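Student: Residue-level listing of the chains:
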Amino acid sequence: MLAPIDGAPTERAIVIAAQRGSNEAFSALVRIHQRRAYSVVRAIVLSHEDAEDAVQEGFLHAHRALDRFRPDQPFGAWLYRIMANAALDLVRRRKVRDADELPDNIAIPFRDPAESGELRERLQEALLHLTDRQRAVIVLHDIEGFTHGEIGRTLGIPEGTARSDLHHARATLRRLLQNIRSTP
Amino acid sequence: MTDHRWTPSEPELTDALRVHYAPPSDPSYWESLEARILLHVARGGPIEGWWSALAGMARPALAAAAVLVFVAGAAVFHTRQLDARNAYASVISAAPPSVETAARSSSVPDGDATIDYILSH
Chain D
5 MLAPIDGAPT ERAIVIAAQR GSNEAFSALV RIHQRRAYSV VRAIVLSHED AEDAVQEGFL
65 HAHRALDRFR PDQPFGAWLY RIMANAALDL VRRRKVRDAD ELPDNIAIPF RDPAESGELR
125 ERLQEALLHL TDRQRAVIVL HDIEGFTHGE IGRTLGIPEG TARSDLHHAR ATLRRLLQNI
185 RSTP
Chain S
460 MTDHRWTPSE PELTDALRVH YAPPSDPSYW ESLEARILLH VARGGPIEGW WSALAGMARP
520 ALAAAAVLVF VAGAAVFHTR QLDARNAYAS VISAAPPSVE TAARSSSVPD GDATIDYILS
580 H
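Residue numbers (the numbering used here), protein chains in the order written: chain D, 5 to 188; chain S, 460 to 580.
Because the hints were derived from the structure by calculation, they are not lab data. Honestly, I wouldn't trust all of these hints.
Between beta-carbon pairs, the in silico distance windows are [as the list claims (entries may be wrong)]:
hint: 1; chain 1: D; residue 1: A175; chain 2: S; residue 2: A501; range: 44 to 50 Å
hint: 2; chain 1: S; residue 1: H537; chain 2: D; residue 2: D93; range: 39 to 45 Å
hint: 3; chain 1: S; residue 1: E490; chain 2: D; residue 2: R167; range: 51 to 57 Å
hint: 4; chain 1: D; residue 1: Q23; chain 2: S; residue 2: L527; range: 46 to 52 Å
hint: 5; chain 1: D; residue 1: Q23; chain 2: S; residue 2: R464; range: 37 to 43 Å
hint: 6; chain 1: D; residue 1: L180; chain 2: S; residue 2: A524; range: 42 to 48 Å
hint: 7; chain 1: D; residue 1: L180; chain 2: S; residue 2: S484; range: 27 to 33 Å
hint: 8; chain 1: S; residue 1: A481; chain 2: D; residue 2: S168; range: 25 to 31 Å
hint: 9; chain 1: S; residue 1: Y488; chain 2: D; residue 2: A81; range: 42 to 48 Å
hint: 10; chain 1: S; residue 1: E490; chain 2: D; residue 2: R179; range: 39 to 45 Å
hint: 11; chain 1: D; residue 1: P75; chain 2: S; residue 2: A481; range: 42 to 48 Å
hint: 12; chain 1: D; residue 1: S51; chain 2: S; residue 2: G532; range: 25 to 31 Å
Rough simulated footprint, nothing fancy, chain S against chain D, three-plus residues with beta-carbon under 8 Å [unchecked claim]:
hint: 13; segment: 19 to 26
hint: 14; segment: 38 to 46
hint: 15; segment: 86 to 99
hint: 16; segment: 121 to 132
hint: 17; segment: 135 to 149
hint: 18; segment: 153 to 159
Counterexamples of contact, computed for chain D against chain S with all Cβ distances above 10 Å [what the hints assert, rightly or not]:
hint: 19; residue: P75
hint: 20; residue: W82
hint: 21; residue: G164
hint: 22; residue: S168
In this text, all values refer to a predicted model and were calculated from it rather than measured experimentally. Where is the CB? At the ideal position from N, CA and C, for every residue including glycine.
The shape of chain D in the complex, shown without the other chains (with noise of 0.2 Å):
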């Protein structure tokens, strides 16, 4: 998980010499929230090819809405806010576009790990019942630490919504994870 960010005198700065125009300052906001941009949209797209893609429209969004941005609120929750849309823009999108190719275009992971093979096949297939919001909602708690009222304001949804969520995630996963046969 990374360490929070926000609030920090010297982002603040940096956010306000990118609102004046500064390139350099808009690389440096790239570079410091590229990563948990990625893991936010990670977490609501299906892919890591529609993560990378989810994360260039969120900052290209971002770079277009700068000067609407109040530099007395914590930047991190405005932009993961502005990814979170555009990941779930880009579902939406996908969902049409891609309604008869579904098999082919199953959660993709980016690594191999190494763990329980069966684990990791039924936890890939067990995270496609979920929905878009309860797998958003229990990678956003579980894996990035958000609390449930960080997940609300990023998400667009209620804190009790997240919280409901994320109970009725984790009983589908632990109900399609029984059972795994272990690796000799």
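Dock chain S against chain D, hints included.
Tutor: Relative to the frame of chain D, chain S by itself:
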């Protein structure tokens, strides 16, 4: 052969999720992604393929086609009007038939005139 089965605990499930969603760890990947993001921002959007360019041209092309159809229709209509006007003018300005022809055609049927001609010779 024994078939061992197990159900992952909550921490094991979280670990599996962490592995599944792990971001790339290679620093060069992030340098490359940063460069791609900045290029994307500088361009103001994705590079469009020729099909996107064609799709973008579809609307102006349809408008141009509609204008072309309208102009062609107007030209055909105008030509037909001219033809009709010329035909009418030619009828009006044509020389009237001779008095003899006019008189014969009005008083004696063509068949009777022919029989008269044959009998007289």
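Student: The segment 135 to 149 of chain D covered by chain S? Criterion: 3 or more residues, Cβ-Cβ distance below 8 Å.
Tutor: holds (count 4)
Student: Given a hinted range of 27 to 33 Å, is it respected by the beta-carbon distance of L180(D) and S484(S)?
Tutor: For L180(D) and S484(S) the Cβ distance comes to about 28 Å; the hint holds.
Student: Can you confirm whether chain S covers the segment 121 to 132 of chain D, using C-beta to C-beta distances below 8 Å and requiring at least three such residues?
Tutor: holds (count 5)
Student: Falls inside 37 to 43 Å, the C-beta gap from Q23(D) to R464(S)?
Tutor: Cβ of Q23(D) to Cβ of R464(S): about 57 Å, so the range 37 to 43 Å is violated.
Student: Should the hint that P75(D) and A481(S) are 42 to 48 Å apart at their CB atoms be regarded as holding?
Tutor: 33 Å, violated
Student: Can you tell me if the segment 86 to 99 of chain D counts as covered by chain S, using C-beta to C-beta distances under 8 Å and a minimum of three residues?
Tutor: violated (count 0)
Student: Hint says 39 to 45 Å; check whether the CB-CB distance for H537(S) and D93(D) agrees.
Tutor: Because 51 Å falls outside the window, the suggested range is violated.
Student: Apply the coverage criterion to the segment 19 to 26 of chain D and chain S: a residue qualifies when its Cβ sits closer than 8 Å to a Cβ of the chain, and three qualifying residues are needed.
Tutor: Coverage by chain S is violated here, the residue count being 0 at a Cβ distance below 8 Å.
Student: May I ask you to test the hint 25 to 31 Å on the CB atoms belonging to S51(D) and G532(S)?
Tutor: 52 Å, violated
Student: Is the gap between the beta carbons of A481(S) and S168(D) within 25 to 31 Å?
Tutor: For S168(D) against A481(S), whose Cβ atoms are near 27 Å apart, the range 25 to 31 Å holds.
Student: Test the statement that S168(D) is away from the interface with chain S: the closest C-beta pair must be farther apart than 10 Å.
Tutor: Non-interface label on S168(D) holds, nearest chain S Cβ at 18 Å vs cutoff 10 Å.
Student: Hey, is P75(D) genuinely clear of chain S, shortest beta carbon separation above 10 Å?
Tutor: 20 Å, holds
When held up to the earlier numbered hints, the structure conflicts with 2, 3, 5, 6, 9, 11, 12, 13, 15, 18 and fits the remainder.
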